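S.K.: The chain contents come next:
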Amino acid sequence: MKFAPRAALLAAWLVCLGLLYVLITHTLVVGTDLRSFMPAPTTPDQKLLMDQVGEGPGSRLLLVAIDGVPEPQLASLSHGLAASLRKQPAYPQVVNGDFDLAALDGQFLFYRYLLSPTLDTTAMDAPFLADQLQQRLDDMASPAASMLKSLLPRDPTLELLKLAERWTPAKSPEVKDGVWFSSKGEALLLVQTKAAGFDPEAQEAAINGIRSAFTALPGSQGAHLLLSGPGYFSVVVNAQTRHEADVIGRISTIGFILLLLVAYRSVTSLLFGALPVATGGLAGIAVMALCFREVHGITLAFGFTLLGVAQEYPIRLLSHRRAGETALASVRGLWPLLMTAIASACIAYLAFYASGVGGLQQLAVFTITGLLAAGLATRYLLPHLLPERARDVATTPGLARLRTFFDELPRPRWLPVPIALAAAAMLYFAPGSFWENNLAALTPLPTDMLMTDARLRGELGAPDVRYLLVLQARDADGVLALSERIEPDIDKLLAGKALDSVELPSRYLPSAATQKARQAKLPDTTALEEMLATGLKGTPFKKDLFAPFVSDVAAARSAPVLTPERFASSPLGQRLSAMLVNRGDHWVGLATLSGVHDADAFAPLAAKTGDAVRLLDLKQASESLVAEYRTRILKALAVATLLLVATIAFALRSFRRAWHVLAPMTLATFMVLAVERVAGIPLSLFHLVSLILAGGLGLHYALFFERDTGDPDEQRRTLHATIVCVLSALLVFGMLAWSSIPVLRAIGLTVSLGVAFHFCISILMAPHASKE
Amino acid sequence: MTMALMLAWTTSSPAAQAPDANALIASLGRPAPARTSFAEARFSSVLDKPLVSSGELAWLGQDQLERRVDAPHKETSTITGDKVTQTREGKSPRSFSLSRAPQLKVLLDSFVALLGGDASRLGEAFTVQLNREGEHWSLALTPTDAKVAKQISRIVVDGQGNEPRCMRMEEGDGDTAIDLLGPLATKMPGEPTREALVALCTGATP
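One line per chain: the protein sequences are A and B, in this order.
With the working numbering applied, the first sequence has no gaps in its numbers, which climb one by one up to 1674 at the end.
With the working numbering applied, the second sequence has no gaps in its numbers, which climb one by one up to 207 at the end.
Isolated chain B, as found in the complex (with noise of 0.2 Å):
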């Protein structure tokens, strides 16, 4: 029992494991709307090669989300709430609960408690592990939840200074997604691997 109640006390307190974690997190926070480009690569079973898309993230304040797509097509998505809704040329939106999607509320929360500055919220939602490469640092989150890490084995994160650069989603089935953002989502290869974006969001320019 009092086992079981540390470790709980420990996970979910980054404060005191990361002191170090918790100050990069905070100097990450920008005030709402907070806008950045990204180019995003999926690598899946169901695809032979990966999806490139590109677009802009934008957060709206509070718990909403904002992901337009401008190419291959446009499309864009919202998350308010626990509600997704889905827009595309010429189609009727979409829209779904939030629950459906654990990978979306996952992606809302990183994403939320990042460009809030909210050490907190992650720590929340994530163990959090941070490490550091010169001027380069990669943030490790995993879902505490055990079900949503099922699905979303881990999110890392790739920065230098107080600029994100690369966000990388894993997903329990082996798929990822890879977005690069900001300055860097125009550097998307023609034909990306996911060893070529690890190694551009570790800053190891080819």
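The following block holds chain A by itself, in its conformation from the complex (with noise of 0.2 Å):
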């Protein structure tokens, strides 16, 4: 082709690049939402999990600790900062210590009779309201007068100090200057965002609008902030491997540029290389978006990984190009063994398709739309760019003497055999366990941030993040009455330390009918001017001092029960609101825990209310919840490995050929699972996918290895491309293993070695080349 047409060609490329890349940006809407990559729950339990993962007022819980300054400074930090944070809406609850009468809405103040449980002991009498006017008057005399006297005329029996007490954290830090206090003297506040606490990006924005919060105030100055909780550690956790991935990325890219610059000596060449992949990746993502709502994050990072195979196309074609002959006579003679390798890695992809997970169905369009549009773009655009005149690889130094090496190694043919039985030697004498089921083992946090994390918890009494008690009724009210019906047999459980505190929903709401139940004991406008004429007699308080509390008894009387949707508007309404879950037939109420010591010793509760009340382990539901989604991924696997099978037998129309590609795989596999369990590893998800590239690599290399042309030219082209397409895998991925983070490590030791063993196997078990 003239210059000319190939110009007008890159420039027609390059437009649909950027049309694909417009038309993402106003597409693409990425979720960082963990659990889009979640299967769907089965049980009640792990339905429950997923609801609880981010959106649970525990993993919505931020701990915040500020020091640096002197304690008068860090109290009024401390006021400045929950003022400040109350006002917004992205932070339902704040408590720093300092009980607000005003959390309690002035509209429902009156409410206090119905809410307090003074009238289910004692009758609102004569008698009773004579006590409460001496004591008052006691108060009157002592240090306490000025702190009550305001309340006196509206509340002469305390209700709203009762009402405070009942509502503070059973267990709370110091409080010195009004403000919560660690023993290290730092102070403390607990923060409850809107933003779920495993969406990293809302969360980030959630802690952002704190720190300026913080550094707005007067005197931040030479003042830390201090945070701690789940959001805080998925932000972390976020920014720690997106910083990794870049570094190494940006490593391994300029060491893959240099090895295809050394390999091809062509700038040309390796530009014109990348443009297959970044096609792929374009057309995959564009599709992707275009199929559905939203894209998880994840999908994307997994989906350029598995892509990776993709640049063994443009590597088949530049490596095979012999003298003489066009791009387009090489890209024919490659092409079938070519569409062998795409449609078998399309059709194994296909199986993450059907296993039902929203995650990776996602993955499944993006890496099959992928590779399709970078194999046609290798077939039917690159060629046409490349240079007319290449360089033979087939004349590197050295590449003749590497591939005699190769061909005069011994290939017996019971090597499968012994490799077979060491693989599965490893696998059955591997030390631990098999599985990695514990999710938060791949995302781990530095330890003094969990000492940290542990350290304020205790203080702050914040609950378990791992525990909660959930509560089951019909309906909201139901959970109220239920939640009052359990509270002795909870009093009793903290009475026998199994565990610290507890925070139930009628702590806040009594259900109706104790609200009515309180409501009949209250006495009439008349009755009750009476019996406050008896109980003033004798007393020095003014007379009509009292007016504000027979108005507030009347309202009381006759106000129709607060129910959870009417007290949402008060900021403890908000706080019941969140313990309160609506699960379409039923309700659910989520009592938080903290310092559980004794799970088991909720079991006869759970038994007594025929499992309405229960403790729920969101540890164990999301282990089980991961094991269910490997044996989806292993399931879609195996069905995988039949489909490739047979694609590569149909290819090859010969079962002994397909066995000289399909064993080397298989085993090579074997090998990496044998090796990682051997070396102590327990297998998570990311090593499967992982494995799945690897494989991918290593089908390229098993069946180019087994093509044999005749020609040793031809077979060193081979080499050649091999070597390059190892080089670069090894490369990219071996950088990876080194990473300090699990998930990147996982990947990266997986695919290095995968793609190690498949080169080695492929060679040894490769058909001897025949001999000129």
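Since no wrong hints were added, every one of them can be taken at face value.
Restricting the straight-line Cα-Cα distance to at most 20 Å, the calculated cross-link-like pairs of lysine to any residue (SDA-like) are:
hint: 1; chain 1: B; residue 1: LYS92; chain 2: A; residue 2: ALA1046
hint: 2; chain 1: B; residue 1: LYS75; chain 2: A; residue 2: LEU1039
hint: 3; chain 1: B; residue 1: LYS92; chain 2: A; residue 2: LEU1062
hint: 4; chain 1: B; residue 1: LYS151; chain 2: A; residue 2: MET1049
hint: 5; chain 1: A; residue 1: LYS989; chain 2: A; residue 2: SER1471
hint: 6; chain 1: B; residue 1: LYS84; chain 2: B; residue 2: ARG69
hint: 7; chain 1: A; residue 1: LYS1078; chain 2: A; residue 2: VAL971
hint: 8; chain 1: A; residue 1: LYS1086; chain 2: B; residue 2: GLY82
hint: 9; chain 1: A; residue 1: LYS1439; chain 2: B; residue 2: ASP49
hint: 10; chain 1: A; residue 1: LYS1418; chain 2: A; residue 2: SER1018
hint: 11; chain 1: A; residue 1: LYS1051; chain 2: B; residue 2: VAL53
hint: 12; chain 1: A; residue 1: LYS1078; chain 2: B; residue 2: ARG95
hint: 13; chain 1: A; residue 1: LYS1444; chain 2: B; residue 2: VAL47
hint: 14; chain 1: A; residue 1: LYS1064; chain 2: B; residue 2: GLN87
hint: 15; chain 1: B; residue 1: LYS148; chain 2: A; residue 2: GLU973
With the Cβ distance kept under 8 Å, some of the chain A side facing chain B (calculated, not the full set):
hint: 16; residue: SER1044
hint: 17; residue: ALA1047
hint: 18; residue: LYS1051
hint: 19; residue: LEU1447
One side only, chain A facing chain B, incomplete, derived with CB under 8 Å:
hint: 20; residue: MET1042
hint: 21; residue: ALA1046
hint: 22; residue: GLY1080
hint: 23; residue: PHE1443
Hints listed in this document are in silico derivations from the structure and should not be mistaken for laboratory results.
Every value quoted in this text rests on a predicted model; they were computed, and no experiment measured them.
For each residue, glycine too, the CB sits at the ideal point set by N, CA and C.
Please assemble the complex out of the two chains, which come individually in their own frames, going by the hints.
M.R.: In structure tokens, the structure reads:
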């Protein structure tokens, strides 16, 4: 092809890529919620887990500590930060020890007689009132006088203080200057975010909001803000992973470019060689963006990893060019084999689509589209761009000797037997557990961060992230009634030290029945006024002082009972709303627990209530979910394997030849598993996905080694292409294997090991090159 | 800026302004534990007539203060650090944070500083003004913290020689508590009025 049409084609291609890019930037919505990468939950506990991962009250809690300046200044910073955050809707709950009576909205003040348990044990009769009035008189003569006197006219029985006491966390840190302080002298706060705990982006926004509110406070210079909690961790892990992946990616890209320059000694080849993968990537994202409402960030990351296979296509084309032959002719010769490789990889990924997991389906759409686009671009577009004349890599110095060396290696037919036996033995004797079920182990946090979290959690009495008490009933009021009913049982558990504290929904709002019972005990206005007059006889209190009290009682007596929906317009009601979840045909109440020492102690409670009250172990539920997820992937893999065998056998029209391709692949895959297991590494989902990528690369090696052209130059070109592929894969994934982040390390190690094993076993099991 | 600094400096440094006051405050110091009986009359907008109580006030050293009421009902309030604990006969003790009751903080500050003879501590929390009239003296303490001053406008301590006789706490809303101290504690009239008590305190013995 002449220069002008080549330039036109290149321009058209680049314009297409540009259009795809524009399309993507306009349609792609990247989600960061980890849940879309989880399988559909099946058991009720798993369903609850999926809601709770990220949305439960515990996981949306951030622990905040301020230090670095003297105590009074810390206290005013704590007050200032709380006041500033309480104004923002992104933080439904901010507590710093300064119990704010305003938390009970003014419009609900008269409801105090229905909310407080006082009337459960006493009647609001003349002796009770007289006693209360006498006590208030004593208060007036005590140091508490000026604190209480403003409450007096409206609330002579001090119901509000009883409620404040009831709503203050059972175990709370030391209060100095009105705010919580840790034993290390830091001011402590608890902030609940509206953002889900495991949505790193939303959490990052919430955390930045806290930081900027803090720096905007006068006197915050020199003070230090310390954050902890699940949301903060997800942000840290996200940033760490991204940072390390970026650094590694940059280094390995440079290495990759250098490698290709050395291999092909042509900058144009290098630049054009990048086009098919770019096309594949963009096409994959574009199709995904069109097919799905939201694309998960993990899909993109995994997808690009898996798409690494596509880099092989241009490499094969570049390596298999011979002097004097046009690129078009070269690609025609290669195409049948390349097509087999592309088709089999696509078929294997199709199995992911059948898995039924949203994230995996996206992954399948992305990789299949990407591989097809990259393959077709290599076949139909790239050859027209490449320069007419190319250096024949068969003449690369040393290549011939290397090929001879490989050819002369002994290739015993029985080789698969010892390899298989070794792999089996290694798998059998490997230490530790086979599977990694703990999601947290893949995204570990620095130990000092975990220690800080445990320390702050202990000091604040903040709820456990692992356990929740689940209360199930037909409606929200049923949950409240159930919560009231189990209060004595919970008190017994608390007394027996099975746990440190619990926050039941009924602590904030009694059930309608209880409220009605309390309402019935309230006297009517005439009776109340009469009793008051008797009680006031002989006291120095002013005559009409308690008129606001009389009108509040009258309001409480006739008001409709307070429902969670109405209560939700106040800050306290918000806290209650976070604990009540509508799950279609029933309601669930979530009571947060702290310091669970004996999870089994809850079993009798579950038995007594017919499982309406049960302890939910989020860790166990998540592990069972991961196990189920893995089962699905394994099933998908099994189906993929069968499809692969069929495709290869069909393409090669021979089971013997298919054996030469598939046997090394299978053996190498098992060797990777065996080596990782012997090294004591439990296998995670990331290992499985990486094994699939390595398998895809191994398939290429085996296919090309198996191809016997009888032409020694062509054999050398095959070797050249394969070595370039192996080196580039080792470069990219070998770098990842050194990462400090287990997810990246899992991917890097598995793929590097895989590439090495696939290469060696493919060579050793390939049929002997026929001698000329 | 300079003006503000100078102002802050002069108000927070009673030593420069009132050497006389410092000498007086130093002379009031007593070794802990120091106890004195009291009789209090409280004039409040929620009350038709003043509420009278009596008992003993004790400074136990550092920031520990005990206020024991013997009449009309037995009650003991203890301030330790940031916590106030109230114990009444036949009731379980009740405690709250000192920060919820700023007037208590003021009481503690003034009391501890006076009994400790600690003029600089007194100067930190209050603007101190001394008036003398013959044998009699009167220390007016105005809280420096504007938030506190809103609730407690000032405390006036009256005395003779090195003996405080009265403590008058004037609250922001007009309520007043007048405590007769030491020997004067027995002199509480049956139906006290503000005027009569002030006269008693300033030594104009009827």
